[in-house]
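Enquirer: Chain residues, written in single-letter form:
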Amino acid sequence: MAGLTFDLLAMQLFTGLALGAIYVLFAIGLSLIFGMLMVVNFAHGAFFMVGAYVGLFVLMLGGDFWTALVVVPLAVGLIGLVVERFLVRPLYGRGIDYPLLLTFGLGYVMIELVRIAFGKTGYPFDTPELLQGAVNIGIGYFPLYRLFVLGAAVAVLLGLWLFLEKTSFGLIIRAGARDPQIVRVLGVDVSRVWLVVFGIGTGIAGLAGVLAAPLQGVIPEMGSTILAEAFVVTVVGGMGSIGGAVIAGLLVGVVVSMTSLFAPEMAKVSIFALMALVLLVRPQGFFGRAGLMS
Amino acid sequence: MAVNEMSQSLAEAPPSSAGWFEFARRHRAGLASLFVLVFPLVMPFTALAANILIYGLYALGFNLVFGFLGLLSFGHAALFGTGAYLCGIAIVHFGLPWYAAIVIGVVAGAIMAAAIGALAIRTRGIYFAMVTMALAQCVYYLFYQAEGWTGGENGLRGINVNRIEIFGIKLDFIDPLTRYYVIAAFVILALFALSRILASPFGAVIQAVRENEARARASGYNVTLTRFITFVLSGAFCGLAGALAALHLSIVPIEMLYYETSGMAVMMSLLGGMGTFFGPFVGAAVFLLLENLVSLWTVHWQLIVGAVFVACVLFFPAGIWGTILKRLDR
Amino acid sequence: MTMKSTKATGISRRRLLATASAGAALAVSPFRINIVHADEGTIKVGFPVPLTGPYGTEAQDQVRAAEVAIAEFNEGGGLNGRKAELLVRDDKLNPGEAATRTLELIEKDKVSFIVGSLSASVQLAVNNVTKERKVIYNSISQSDVINEAKDFSKYTFHEALNPHITAGAVGRYAFQKFGKKVAFLTADYAYGHEMVRGFQRAGKPFGIETLVDIRHPIGTTDFSALLPRIQALKPDILCISNFGRDQQISLKQATDFGMKKSMKIIAPVLLFTGRLAAGAQAFEGVIGGTSYYWGIEDKVASAKAFNDRFRKMHDGKVPSDYGALGYGGVMTLLMGAKKAGTLDADKVIEAVEALKYDYYKGPEYYRKCDHQAVQSVLIIESKSKPEKGPADVFNVLTVEEPNEANLRTCEELGHKA
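Residue numbers (my numbering), protein chains in the order written: chain A, 1 to 294; chain B, 295 to 624; chain C, 625 to 1041.
Treat the hints as calculated values from the structure; they're not laboratory data. Note that this is a predicted model, so its numbers are computed, not measured. Think of the CB as a built atom: it goes at the ideal place given N, C-alpha and C, for glycine as much as any other residue. Hints may be right or wrong, so weigh each one.
Unchecked claim - Which residues of chain B face chain A? A partial, calculated answer using Cβ under 10 Å:
id, residue
1, 393
2, 430
3, 436
4, 597
5, 602
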């Protein structure tokens, strides 16, 4: 194959990691929500998209990108809290399909609301000035903004890890992910925990959205494709496992990047084939809890 | 689970209900057929009525697995689309007559269902939904890449069935009403077949498996085989719907295999009432009518449909038709 | 439980026969509705376009321009006094939906002509429905396939350019100016392949060297996996063959990767609305083609006349490239009908085939074998600073005059001479 050098391969690998960073941020929320609440959030893509639009809105109001980075996860997380409290919570106990179906319909509604508010064609989203341009990372020139995204993902993961490992609330969340029944028996108000988890999960998704905006612009449909890919990530990594989401997210990013090198048409189908394979061979993924059934 | 109790109450009539309601339940297929026959006269245009028939059948096929068996599948577009494509390919590339193409569509849907089912049936709950979604995506790419057969992104064109002959009677298939009634004939056949299946002992086993899998297995029923057969039957119905769609529109768009089409089946079944016989049909009608009529006033029909769907999930889990039936049953 | 099922079976068989025969009787009865075009009253022109979806803005502009055409036709006396009417329908950029809308327009509204659709798959779907029912259809968006014998019918017309001509024109301009080593980034669908074919056909006489042709799935939002490879090959020219959002994103990301510093980027089609949406930075320095740009009104009288009519009817706005196609598509059919003096399809087809017209951009005519409008192609470059108002986004570098030799031959398309 023409031009296949070590530098190129290394570049593709690195690109894959950077690509995976967005997948990871997006999928973590999905995995967390499923792990704790047993809810497959089909509206997660819509939250991603809303995050991008909230960021756009902040820019429209005259704010800058850095303000948006702070505002977006808070705003989207707040929306997530409201959704969980009033729409998802009434459905617990009705069977595992109902919250899924609700979020499925909710996704449609959210997309349409954004279309009404912002129009259907979408907007460009300029890379913040500070982060424009490319840097020489030794194996070639790489856009500075993508390095930033990689860094931001690492920062968020670190923050999340600290929260889960070092705070008492994080302890409850981890315990709840391991065994919700015991946590309830021990007198913890599980519904409040779930509320917070849903908020955190959607908030991070919103952040992923605003981080992705300079890469691809914003359109109302931007959440749908990444949702399908995120399902692959959560399934392969294991629903409910954050570590799994990280590893699987990076893996998927690298797989897409490397197949793009050799057979770009196969890039998308390769991840779905991977998903099907994992589901059939080891349904709990690499790190998920076995026995997460109906 | 609430879903199962509800479906149970809809399937079995308590002995003291009104006589005419009991009559309606027993002759549900017949009444549905009558409805289908007069339908085009109340629709804004016949092509829409035909679409409702086709998507209604698709939703009914899906509901066999979703409402009656209790498995949520997000991959039914693969069955619908396979039926459509194979019917179209039979006509365009092999020059087969239309009735043979329909049969091929039905068989193709069943075979695809067997393939997907063989892989997916072992999983349960959420994972079943995820596997079917992933496999359906693979099917989509398969058909997309096979450009020579399917037209790829541009879809399959040239399914031009203009004149058909049924038992010696020559019919003009281009004429909208004729086309509708030919499609309706097949849908009515399917309705009767579905009713037969559900009323048969096998139908009882399907619902037993949904209600309590352990008990069904303990009673000696092969749960996995039951699931598999139901999935294949569902594939046959959806394949028929697809074949009819191909003949009606004279094209098969690649969009038929999109994940959104699978989502449509879920929406229509839930909107209409997933535990009922005719509910998905009602759901399809409501969905398509809303899409068409609301489009006249506002381009944001998806908001209304989505909101209605969310409302149904929250407050009317029996769906529109299911809730109506429950009210009438009082 | 068992009793119930036997009873149901017994009656259902009878019912089956009854309903089936009722259906058959209705089908052959005189109640059948025949497809008849209205002989009196307004001339109905069906206009299915994607009002919802990513190309809603283009579609709405097409509607505006079509309205200008209808008004102009009516003011000119119509067809022996009969006025025209535009019936707009939303096809949601979905071929199945478009087919349904077309059926509605033909069967319920009894239109005489159909003009519309944006996207190859949709226009092919509409075409399949119209040609079986012998209704004239003028397609106003790009596609190579619609010229081919398999999809073509005498009722099919194609006012828009096709990828072959457009890519060819841009290639002919760029390959002599910027170099011979060419890399291709192509959307992996029919339209993408058609554009590449157009480029390569045009590039052969210049002796271009294809370094690589990277295919990406449509809807790709991240090209970072593909761009480094292209950079490593050091091409003179990068041909980006995709459309709409794919184009906007790939141009933006190519800019981010600093690729404009080392190579010239060309694209077959630059959308007016796309340029407005994506902003100046992404399109900076990119050269492409288009069928129409309002800025040619300085040189082309018919463009000025069309633009002025459009401005008058629509608050001073100027028409976009796709909008102008909406105008042209409707106008040619209505003028053909006027010339023929009738709405009879065969006679109108004859009249339109014979038409030599200049309605909005310069002289055009339809080639007989495939009803492709032979017209000029404008080579444009994005302007970084608009001078004559916010719509002043392109510089017209040159105009490639209409030339049948730039199309694929009739034989190649499968038409028998």
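Enquirer: Of the hints stated earlier, which fail here?
Expert: 1
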